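From first to last, the protein sequence lines are chains Y and L.
Under the numbering used here, the first sequence has 60 at position 60, and the numbering climbs by one with no breaks.
Under the numbering used here, the second sequence has 290 at position 290, and the numbering climbs by one with no breaks.
None of these hints come from the bench; they were simulated from the model.
Quick caveat, the model's predicted, so the values are computed rather than measured.
A virtual CB, placed ideally from N, CA and C, is assigned to each residue, including glycine.
A portion of the hints provided could be inaccurate.
To be verified - In the DSS-like style, the derived pairs of lysine-lysine whose C-alpha atoms are separated by at most 25 Å in a straight line are:
| hint | chain 1 | residue 1 | chain 2 | residue 2 |
| --- | --- | --- | --- | --- |
| 1 | L | Lys529 | L | Lys57 |
| 2 | Y | Lys73 | L | Lys57 |
| 3 | L | Lys110 | Y | Lys139 |
What the hints assert, rightly or not - To give an idea of the chain L side of the interface with chain Y (calculated C-beta under 10 Å), a few residues:
| hint | residue |
| --- | --- |
| 4 | Thr89 |
| 5 | Asn132 |
| 6 | Ile143 |
| 7 | Met452 |
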Amino acid sequence: MGNPKAFLTIDRKEAGYRPVHERKTDYGEVEQTLNNEDRMLQASRCMDCGVPFCHWACPLDNKMPEYNDLLYKGKWKQAWELLAETNDFPEFTGRICPALCEKSCVLNIQHSAITIRENEASLTERAFSEGWIRPKPPKKRTGKKVAIIGSGPAGLAVANNLNQIGYEVTVYEKAPQSGGLLRFGIPNFKLNKNIIDRRLALMESEGVRFVNHAEIGRTISFKEIQHSNDAICLCIGAGKPRDLPVEGREFAGIHFALDFLVQQNYKLAGIPLVGEELSAKGKHVLVIGGGDTGSDCVGTANRQGAVQVTQIELLPMPPTGENPLTPWPYWPNVLKNSTSHEEGCERYWSLTTKRFIGHDGRLKEVEIAEAEWVIDSATGRATMKETGKTNIIKADMVLLAMGFVYPEHEGLLDEIGVTYDNRGNISTDSRQSSSIKGIFAAGDAASGASLVVRAMASGKKAAQSIHSYLSEKS
Amino acid sequence: MHFALLFGYGASVINPYMAFAVLSDLVKNKEIQSDYETAEKNYIKSVNKGLLKVLSKMGISTLRSYRGAQIFEAIGISSNVLQRYFEGTTSKVEGITLEDIARDAILMHKQGFATDEPKGPVNEGIYTWRKNGELHAWNPETIARLQIATKTGSYDKYKEYVAAVDQKDHPIFLRDFLSYKATKQINIDKVEPASEIMKRFVTGAMSYGSISREAHEAMAMAMNFIGGKSNTGEGGEDPERYKPRADGLSTRSAVKQVASGRFGVTAEYLVNADEIQIKVAQGAKPGEGGQLPGYKVDQVIAKTRHSIPGISLISPPPHHDIYSIEDLAQLIFDLKNVNPAARISVKLVSESGVGTVAAGVAKAKADMILISGCEGGTGASPSSSIKHAGLPVEIGLAETQQTLVMNGLRGQIRLQTDGQLKTGRDIVISAMLGAEEFGFATSALIVLGCVMMRKCHLNTCPVGVATQNEALRKRFTGKYVYLVNFFNFLAEDVREHLAALGFTRLDDIVGRTDLLQFVQRSDNPKMKKLNFSKLLYMPETENRNAIRNIKPQIHEIQDVQDRTMIELAMPALEKQSPVQFTRDIRNTDRTVGAMLSGEIAKRYGNEGLPNDTINCTFKGSAGQSFGAFLSKGVTFRLEGDSNDYLGKSLSGGRIIVVPPTGSNFAPEDNIIAGNTLMYGATSGEVYINGQVGERFCVRNSGAIAVVEGAGDHCCEYMTGGRTVVLGKTGRNFAAGMSGGIAYVLDEGGNFDYFCNMQMVELTLVEDMADNRELRNLIAAHFRYTQSPKARHILENWNEYVEKFIRIIPIEYKKVLHDEKIEAVKKKIAQVEYDY
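Here chain Y stands alone, though its shape is the one from the complex (with noise of 0.2 Å):
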């Protein structure tokens, strides 16, 4: 609840970030944080609205008002507590959820909502600096087992909420370490890769069974985990990247976003590298796609020492500020401006890319043209029309963030032979089950690209469906 009036006169007030020219030169956390005190005054403010539109647009349905009244009356043991019930990894969400409670809070009309993202992480970072989050295994196991294939949000949060329930859980990563996206898609300076160990150790000593260097389906076949298993839940997320099959597209130089993170991560991680190493460093850096991916590379670029980087975007410059559009408390379709951006990026709009340009099989140009939109007025819907005026960028590097179109199907997905959706992803019904009884789908494998949030909602989901099933079939 907060302090009803407290908002009259306590500001909205953000912890920040660190000082660019700092913060450029390594892989740390940007976003700093705010002492006890201020965290609680924040807290305050929030209003107990009779409608907490923020709690309505949690995808885990997150209990703001309360845990915030109790943050504010310094209970942050039971805030804590609180919160942990309806979110496995505030952790996470503390750190890198867009918090679409934030856009959707009441004093958000004013832009001055409550910092329930920051105060989410502090709750949670004080949760384990005062040793409240111990590992709770199971009081009794139900002598079931389930398998889950891949370790992201998805993955994890199933394994979670089984695992609290009983069921023997094994959690298969095809990479050499569990966190999935979490760990080598993010960038370091948003998420630190040790508040992913942490809470993994957490997990394993639950009971919960990671098993790397595994890939379904490759390295261990598909029948092996059915047979031992008495269900599977897909979480290996929708891998699949929009490619840009232009002109030009065999050049050197031209890489998928993530093959580009993924590989900083290994690096930091002291992973060895497999194939060639993708460097920015002393690069024309071109970053095709004004998506959140986008800005990662963007960050990361710099900090390996690119010379420029530029962003461009297909979609219009967003309105800043406000939306007609997206009026609150729907998501605000605004111009973002991440802390990669404010490193150094030149960032433009309503271009779509013509060819690439190169010179003995490498990438050294890049022609875009200026793009158009228009609205039929009758459909609502919007096609692009190049206008006709074209620009050459200098780029020795193209990093492809257009986003990711659905899973892989090839492989281990065909193998199964579950049905898919009209848009390519694992197709589910309402209880998160697919096509074949028994092999469940949860996070961006059933739902196409989307947050880390949605994916912990969906794993959550998806743990309750499994564990109706198993308990019918007994």
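Add chain L to chain Y, keeping to what the hints say.
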């Protein structure tokens, strides 16, 4: 609420042992910073306060009277269970049986003892909304969709809002169990235009004071624009809003409400109305008076309510001039006289028995009756009112319709309804149940930005809707255009429904419950036990009584005295030249002076005419409401006596009452006028050479009165003005008095026995200024009435002044004191400046 329920069904003692255990626990864990005894005492105190609120809502003064009174109604319990265990309580829609109750009890027990690891209680979303909690019709989806639809003006987005409302997963309202029996699609072009339908729309009564000026005016502008009506609510209206604006928009509220406090009810207020609404009850606060604490009464609100900033404004629970249906008929007659062009409506709430009340109101000649449902209603109510008071509008509306039709009263009445109406479907179903007009309050506020914060009572509304805080009002982003969009959409929505049903006019489906059927839903086995036959009953009437409004009421105001008086006073009305006349008066001449005052107010507003421009002398016995709403510039002299309600809502005029010439009894020993005089008077003077009945000067907001004896409850709820009683009073003097000053001649030396000391302070008349004020009042009284008692007092002033008691409310004293300090400060500042 639990306590009230148990007491109401007859409990003598209640032991809330669980609550006490929780308190003990909280104290042990240091969650409460006091010892157990104090905590328990505070808890009991708060329960008592809550009970007091509930009791006073029903006008019941003691717990003894409430105990066993069983003034409850059940919704959704079968008559079997009720007859066996709650005999006397009714349920209009049947419902659960003993098996269901038992099953629920066992289920809850199981849930409570299910796990080994007990968790604390969870917020089930009963008051505030929670996902997976109690269903609320206004939830994030419906609020967001309505706002975006009306802001962007998109009918498609409005239809998305309609989908969220009409196609709920689970039923919330009784109307969610109803559907149309058949459809017969016709071309929508044949249906009457939206502009006609919108004339039936009104916004609910929300006073300026409860909501911000911006919100209040936006609603007025929108409703005036579309041909509907907005409502002032209880707090009066700034006359500035009656003036036409350059941009053609009007912020004048078409409906002026007359509530129990009679705040701001002057002749000017009433003549600037298209409809005058008597608020008998409020859906969310039935029978409850309101209270605006002194700190919320700022300059503007005080001015609009004809009071002073800083004084609490208390609305008494009942109207003090409505103690019977005849009294209501009298008030309707009063209002019709002061503004013959306005229609007079009465606001009732949905409850069992409202049909009978409505029949009485119809006979009392109201033009329109509003049946207000329990859903919706002000966020500033106590939670027991929000959740547990009032009934669903469907029940009250159906009962009213049936009763009026069966008694042949429906034809001359227009029926209006409100209570969380949201879409065309709600409107059409309400129409089929009997309504011809539809009110929107919560939805209108949501369109203007309300997000159901439920902090209306704290004055911290962050969207500037329900607050007076200047900084917060700046956050108000609502525009009247959004409301215009909303009502246009609603009208189109209604047209679509009418077209689907095969009707061209909304009038054709009014009262047609034969078009509706009860829909069995299978969400919950309990729902099978509902029975809507009472709700959907359509009376069989042999001579085909009207089922909707087909003719106007006959008010019988053609031949009142005022008609002639207005003709005689034309020179005064048109040219302000003085007129004088004498007339006979009988006790069948009621509300004399109101129509004349209305004519003055139309021309001259509250300013009225210069003093004494119209001077009438009446000889005889005056009927009810003599000199009601009397405007400034009119002097009525009555030689004879008067019935009740003399000087009701006095608006600046002067009334003098003296015994007939030639009478030889001592005027100061005899009663010469009736009860409840000067109810809601805002300015003016009354001099009565004799005694009066009960409730003299109740809700006086600024008039001067001198009388020679009074009954009980004199000066009740007074907020301004001066009252002088030159003789004995009854008991309970100054109850609820928060403003103004009274002087009583206490010859017996026992006045303090008769005075209610809760809000006032008694002193002698010591201050020179007070001495002068009192003397002048009595001198004026003598000048106008030649009162022997007054003469005697004036001739022996120094002896008598010591026998007077001065009664001043403590709040008022503080305000006067502050004003004095301000004046002194100003003087000092000037003096300093001069140096």
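- Mind listing which of the numbered hints don't hold for this structure, in increasing order? 1, 2, 4
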